[in-house]
Amino acid sequence: MKLTLTIWRQRDRAAKGRFVSYRLDDVNPEMSMLECLDVLNENLSERGEEPVAFEHDCREGICGSCGFMISGIAHGPLPATTVCQLTMRHFKDGDELVLEPWRSKSFPLVKDLIVDRRSLDRIVQAGGYVSVSTGNTPDGNALPIGKDIADRAMDAAACIGCGACVAACPNGSAALFTGAKIAHLGLLPQGQPERDERAVRMVAQMNAEGFGGCTNIGECVAVCPKQISPEVLARMNLDYLVGSWKHRHGTVTAISPIIGWGPDET
Amino acid sequence: MRLDAKIPAGPIDQAWDTARFEMKLVNPANKRRHTLIVVGSGLAGASAAATLGELGYNVFCFCFQDSPRRAHSIAAQGGINAAKNYQNDGDSIYRLFYDTVKGGDFRSREANVYRLAQNSVRIIDQCVAQGVPFAREYGGSLENRSFGGAQVSRTFYARGQTGQQLLLGAYQALERQVDAGQVKMFPRTEMLDLIVIDGRARGIVARNLVTGRLTIHIADAVILASGGYGNVYYLSTNAKGSNATAIWRAHKRGALFANPCFTQIHPTCIPVSGDYQSKLTLMSESLRNDGRIWVPKRKGDGRSPDQIPEEERDYYLERRYPSFGNLVPRDVASRNAKAVCDEGRGVGTTGLGVYLDLAEAITRLGVGTIRERYGNLLDMYQRITDEDPYKVPMRIYPAIHYTMGGLWVDYHLQSTIPGLFVLGEANFSDHGANRLGASALMQGLSDGYFIIPYTVGNYLTTEKPMKLDESHPEAQAALKGAGQRLKRLLEIKGKRTVDSFHRELGKIMWNDCGMSRNATGLNNAIGQICALREEFWQNVTIPGSGDDLNQSLERAGRVADFLELGELICIDALERNESCGGHFREEYQTTDGEAQRNDENYSYVAAWSYTGADSRPELNREPLAFAYAHPSQRSYK
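Chains as they are written, first to last, in the numbering used here: chain B, 895 to 1160; chain H, 137 to 773.
Derived by calculation from the structure, the hints in this document are not laboratory data. No experiment lies behind these values; they were computed from the predicted model shown. Every residue, glycine too, gets a C-beta built ideally from N, C-alpha and C. Please note that a few of the clues may not be correct.
[To be verified] What follows is a list of derived Cβ distance ranges for each label pair:
1. B/Gly1144 x H/Asn166: 50 to 58 Å
2. B/Ile1152 x H/Ser768: 20 to 28 Å
3. B/Arg997 x H/Gln518: 49 to 57 Å
4. H/Ala749 x B/Glu940: 25 to 33 Å
5. H/Glu711 x B/Lys910: 36 to 44 Å
6. B/Pro1083 x H/Glu711: 52 to 60 Å
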């Protein structure tokens, strides 16, 4: 099949970006979206042109590296699918696909379709864990956890941190990502001792990174490749509300966001 | 070189206690004065960096991905073994130890494997405490399943995403230490060389993949946890970025490379569909619990599977291995799939595939049960192939999945370069010639959480590394060398892309050093790889520059290393005149076509030293002794 890929090209954050169209005449419908870009990149390299930079690693839909907008939809038109698992048979012969990086103030552009998502790591640094050091642990079965709770925690823990939720959100909110971690740990007994503080700190970090607020629009849920439930948004708000009331006299310090890649910034 | 594995004397079940007692400790106040480098952030690297940070060391952790959470441990599906015996079905530390040594076809080191089995029980406790959402029974206790043909249920799992959940547990522990200021994380940064000063590993040269800047990082010890080298075959179940550069650079600096030819081929992957194919997708082998594997009896039978009557189907695993049937170990299942395809009975457009048929199980158990057991997997299969596995038999074919070989390490996980430690898939130590299912996650976490924190402390106290900084001439020389190599790559400006070289290398490796090997093929492969390597350095084209993000340049450096490692793999395979585990030499098989080990002459670890660019590597042998698990012929008939 024939396709036109109109791709955002931008050398780095300082450079001016633009769309460039590429025609592909021999697309195999069995290819994944990323393999289609591989073929384009091989052609460009053979001509001595710089290939399109895009992030990818496992190509099994689990590492969360890949992702871009395809004609306005994060990860493309197929629900519950990352771009690495999206095969070209879901498009029609002659289609034009517009590929753009995740657009968010909190995801500074690195190159072409690649953005910097370290802001998500910093949200996890702000309490997205159980504070237990290696070795200091009871037997695994000492703490019974009902199957329904374990299953719900697993549903939330399935988040791959790709950032599609942010890209899809009209507010640029990272609430689905943040809520998923708050819900995962907040549902489990292991997460209870730090539950309040975790929600307060993680939400504060999310705000400090410049992500927008959540207004329950639901675009994030629609594009999430792991189908994280909007329940996590409610749990985040609940824990945040309870936590900020209980800690109303305390202060919360966020980690300073880092944008560049200089020696003191990485 | 005499290889001292430093295994403590005395009974195997007390070896680790003895070693831990004999190891010297670092005074808590002194720990923060030591800087340690961890390369890689998968299960082994993240667990090591987090634990060392908790202990008070100053840790630098490097990963080439944009976040430590992306490391390829994340893709492990099946589960993690532990000798908890929660199911009361006869498991024990000794049994897990025995199964692992036997499954490795008696080519691993007993003391290491015993310690792995001992640590397995603590790993589960640790992960539960971190909030890893393992599968649970209704009563709230942890659930187990039997996996990879084991006769006990010792596998813990979190749906089909066990690797993801364990890695996120380790990643969260790591981020906690980043927040505490104990660990400094360097994402999008790739190690390009090891700095060795006065015979000791003292740092690395790394490249920031966004700015292209090369930097020196000095430390008191270097810990490599950079994963396996399966991508030397181009098509594998590894992530696209998985590479051997860190361990290969260390090898060239003096670390011995052990058993490189021990590679694992996983029997149940989605077959290759075309030349554009970039990687292979694993379908968990748990499918073999309910799926029956078959091919048509007739060669070149082009009929669709529903048109082939029962009596014209060959359920070859059930026919050849009546007692284990479809559940034979990975190496046996893979070789048999290749054999029937070589006979011209393979299925699918390429003829390189066999059917995995769930029809009988659906009739027996109902479609609901099958959906409950394998729903996620079957959805993924349908997404990729556009075929409905509930109606049409799945097509599967073996693919490179894991590498048992790696840098040689002693009982302390220290390589032959003092101060260089190697963890997880990057080392060779625990799986012998074949790894059992659900054991890779166990090893990564055992190394990172429970072994390296002790052994690295002992090294720092006994060796007392001198203070030095990046102005040291050896560090500067390594930095300069790394820069020159990048410059040389960029200046070739030839005609062929990096990927075209990588694909060609992969084809050579897969054809002549894949599921079965013979001397003629291996000799051929060595010649072809040398020629390809020469062409690479004259004719590769790398668009762009070295001072910004350049994915072609990143890949070129890795492929250049694969072109050297590939040759070593073939040399090792040629030298090992026996068949064992994943290494099947056609010349050495029993009359009924099974692998024939040669314990008299090959019961050793083959550890190769690098002797220069065009010089043959030198073989060093570490003899293996089996005082507990006595070598026997594996039989699954």
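Okay, the hints, checked on the actual structure:
In this structure the hint that B/Gly1144 and H/Asn166 lie 50 to 58 Å apart at CB is violated, the actual value being about 34 Å. At about 57 Å, the CB distance of B/Ile1152 to H/Ser768 disagrees with the hint of 20 to 28 Å. In this structure the hint that B/Arg997 and H/Gln518 lie 49 to 57 Å apart at CB is violated, the actual value being about 32 Å. Between H/Ala749 and B/Glu940 the beta carbon distance is about 29 Å. The supplied range of 25 to 33 Å therefore holds.
Range check, H/Glu711 to B/Lys910: about 57 Å between beta-carbon atoms, so the 36 to 44 Å window is missed. Evaluation of the 52 to 60 Å hint for B/Pro1083 and H/Glu711 yields a pass: the beta carbon distance comes to about 54 Å.
The structure does not agree with the numbered hints 1, 2, 3 and 5 stated previously, though it agrees with the rest.
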